[in-house]
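Asker: As they're listed, the protein sequences go chains A and B.
Heads up: the first sequence begins at 25 in this note's numbering, then just goes up one per residue.
Heads up: the second sequence begins at 125 in this note's numbering, then just goes up one per residue.
Any given hint might turn out to be false.
Examples of chain B residues lying across from chain A (beta carbon under 7 Å, computed) [unchecked claim]:
(1) Pro239
(2) Tyr242
(3) His280
(4) Ser316
(5) Asp427
Derived Cβ-Cβ restraints for the label pairs, each shown as a range [stated by the list, open to error]:
(6) B:Arg200 <-> A:His126: 21 to 29 Å
(7) B:Gln447 <-> A:Ala88: 22 to 30 Å
(8) B:Pro521 <-> A:Gly70: 34 to 42 Å
If you're looking for bench data, these hints aren't it; they were derived computationally from the structure.
Ideal Cβ positions, reconstructed from N, Cα and C, are used throughout, including at glycine.
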Amino acid sequence: MIRLNRRQMMGLGAAAAVGGVLTGAWGLHRTSQRLAGELLLDAFPGLQIEEADLRQFEQDFMQAYWLTQMERISLRGISAAVGLLGAGGVSWIPGVRGRLDHMRRAVITVFLTNSDYFTLENPTVDTVYYLGVDKNRPCGNPFARFD
Amino acid sequence: MLINRPPQDSTYDLVVVGTGFGSLFYLKRYQELYPGARILVLERGKYHTREWQLEQGQNSEIGYTDTYQMPEGQKRWSTTIALGGGTLCWWGITPRMSPEDFKMRSNFGVGVDWPITYDELVPYYRQAEQIMMISGPNDLEGRFPGTAPYPARPHHLSTPDELLKAASPNTHFAVPSARLREPVGSRGACCSTSRCHLCPMDAKFNALNAMMDVLGAENTFVLTDAEVTHLDIQNDVVKSVTYSHDGQDFSASGDLVVLGANAIQSPYLLQKSGDTHPVLGRYLHEKLSAIFEVHLDGVDAFDGGQASTGLNYGLYDSADRSQYGAATFYTENHWGTGLRTEYGRWRQILPLFVVIEDIPQEHNGVTVGDGSAPFVDHPDWSDYAYRGLDKVKENLPDVLSGLPVESVSMAYQLVTASHVQGTMRMGEDPETSIVDKDLIHHRVRNLTCVGTSVWSSCGVANPSLTAAALSLRAANTAFASQEDPS
Ligand SMILES: Cc1cc2nc3c(=O)[nH]c(=O)nc-3n(C[C@H](O)[C@H](O)[C@H](O)COP(=O)(O)OP(=O)(O)OC[C@H]3O[C@@H](n4cnc5c(N)ncnc54)[C@H](O)[C@@H]3O)c2cc1C
Chain A
25 MIRLNRRQMM GLGAAAAVGG VLTGAWGLHR TSQRLAGELL LDAFPGLQIE EADLRQFEQD
85 FMQAYWLTQM ERISLRGISA AVGLLGAGGV SWIPGVRGRL DHMRRAVITV FLTNSDYFTL
145 ENPTVDTVYY LGVDKNRPCG NPFARFD
Chain B
125 MLINRPPQDS TYDLVVVGTG FGSLFYLKRY QELYPGARIL VLERGKYHTR EWQLEQGQNS
185 EIGYTDTYQM PEGQKRWSTT IALGGGTLCW WGITPRMSPE DFKMRSNFGV GVDWPITYDE
245 LVPYYRQAEQ IMMISGPNDL EGRFPGTAPY PARPHHLSTP DELLKAASPN THFAVPSARL
305 REPVGSRGAC CSTSRCHLCP MDAKFNALNA MMDVLGAENT FVLTDAEVTH LDIQNDVVKS
365 VTYSHDGQDF SASGDLVVLG ANAIQSPYLL QKSGDTHPVL GRYLHEKLSA IFEVHLDGVD
425 AFDGGQASTG LNYGLYDSAD RSQYGAATFY TENHWGTGLR TEYGRWRQIL PLFVVIEDIP
485 QEHNGVTVGD GSAPFVDHPD WSDYAYRGLD KVKENLPDVL SGLPVESVSM AYQLVTASHV
545 QGTMRMGEDP ETSIVDKDLI HHRVRNLTCV GTSVWSSCGV ANPSLTAAAL SLRAANTAFA
605 SQEDPS
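The whole structure should be built from the sequences, with the hints applied where relevant.
Answerer: Encoded structure:
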């Protein structure tokens, strides 16, 4: 298990971004993937999560079936820009701040509803397992009351 | 019985077009009344099994919007073309229409009255609710006389619903729905998924889990992949129904023809059959709908028992419908717009699905276009509906006063509420309407038109239960008038 803080994630993102510029599309793609994880760790300070789970989450998030192709492309663009310039560096670009807020909300929602977070006694201390996005999971609402 | 080739014999007592709500409920009652009758059912779409639908993640290989044309930039309309029609994709929400919805002109001086009253529909509402095994609360009785008891217990309210209910017991109710709370037969119990069009538990009523006995009945021949292209109408009588199957044209005749091909395809078929009535295809409409989000202080949401848990009439009761559209809202038990982002307050948010009635406008409608598919023209909702939306924004905070509200905001307006209504409206006057109160075409008396195309005014209720009730009534009345021609 690893614990990455936001700064480390930013570092990773930035490093990946530089690599992206140098090595072309693959690097850019990787950078954009990392943004979801970065936003996640930012929203859940101290989150305990396996690295493989984090990577899987990032991957699922960008490929998620609920994102249209256009949204995916625009998120990739924004992600790549954040990777290069940092969130502060891009938030002045019209529309970007709103998009980032939107993505942050989607990241939080997708993670909470596709992990065991809500079933843990103490999710700030316990390891949270990301379960993966399964659109056919019969009952995706852990709070629903039936009888 | 389901067949896959056109029957040799092409003469029937009844020919039914389509297998959605309107057609199926008519067919069911007709079979009961005429047990020996020979019936042909023509369905344009395929028979997609439940397994196929779950695997493909869709109800039909034909997309919602593939079967009509429209000007660029206009709103879309969603219909399912397949065996079962809209019973497959629908979400199973089944409020009745309110008594006042049938009398818009008399009560509010706008729109038109239906030629039928709520009271006349009550016995058929009950039958339709029984057939679909609707779960609902008994306290709706005060608002919709004749509902109690529903065939099944209501689903659990969520915590915000319980607060709203305590504050306004006469305006907030558990949502009546065609989703089972307890399993019955092959249908499972609702698990509060938010993918009701592909219900993972098969809890929601649809043609495949509750009407296969009707479609499989002896002497009933159901041909899928059979697209009806026109009716041959001579001297005000439908002589035959022409359909294409496997690239070939066939025709079948019936003493009676029931047209239930949805509110876009049905008027188009009549237009292609030479019906030039000026109102045919006109007054296409649906509700204006929007998602609102309510941020709550210290109350967690999403602990109800189905996808939408509460139905609220606070905005409806206070509306001045002579001036603007009345509205209702559903409290949503799923996080379609997202959870909250403040740490630990994730669930302190209540999404609302708000629907506002429109006044059907004559210029909105369906025409033959280039003849290859219906051309749908609906530039926008009316000012009446948009004024209703403004009133929602103004009055929603008051209606929500039973909740610890931090903020209320509109998240977005929806492109469609998925309710296609109007185009072959029901009325007393043959000059201004297409069918009479028994759903019989004013001029072509062996033609009955069913489904949501016959809507005279919009209302706020999801329409399928009413479509089912109207069909049950129409089959009954036709039988009664045959028994007693006087
Ligand atoms: C996603 C979604 C959710 C919905 N949720 C709800 C809900 O919760 N509650 C509610 O009340 N309503 C709901 N609706 C609306 C509901 O589906 C419709 O109101 C209802 O299906 C209309 O019934 P109908 O009989 O008029 O038409 P349909 O049910 O659409 O049936 C028309 C039938 O005719 C067939 N057909 C079409 N053209 C031809 C042709 N040329 N030849 C032969 N057959 C033809 C079609 O394949 C179909 O079988 C929802 C709709 C959608 C899309």
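Asker: Each hint: holds or not?
Answerer: Each hint tested on the structure:
{"no.": "1", "hint": "Pro239", "result": "42 Å, violated"}
{"no.": "2", "hint": "Tyr242", "result": "33 Å, violated"}
{"no.": "3", "hint": "His280", "result": "4 Å, holds"}
{"no.": "4", "hint": "Ser316", "result": "4 Å, holds"}
{"no.": "5", "hint": "Asp427", "result": "4 Å, holds"}
{"no.": "6", "hint": "B:Arg200 <-> A:His126: 21 to 29 Å", "result": "23 Å, holds"}
{"no.": "7", "hint": "B:Gln447 <-> A:Ala88: 22 to 30 Å", "result": "43 Å, violated"}
{"no.": "8", "hint": "B:Pro521 <-> A:Gly70: 34 to 42 Å", "result": "37 Å, holds"}
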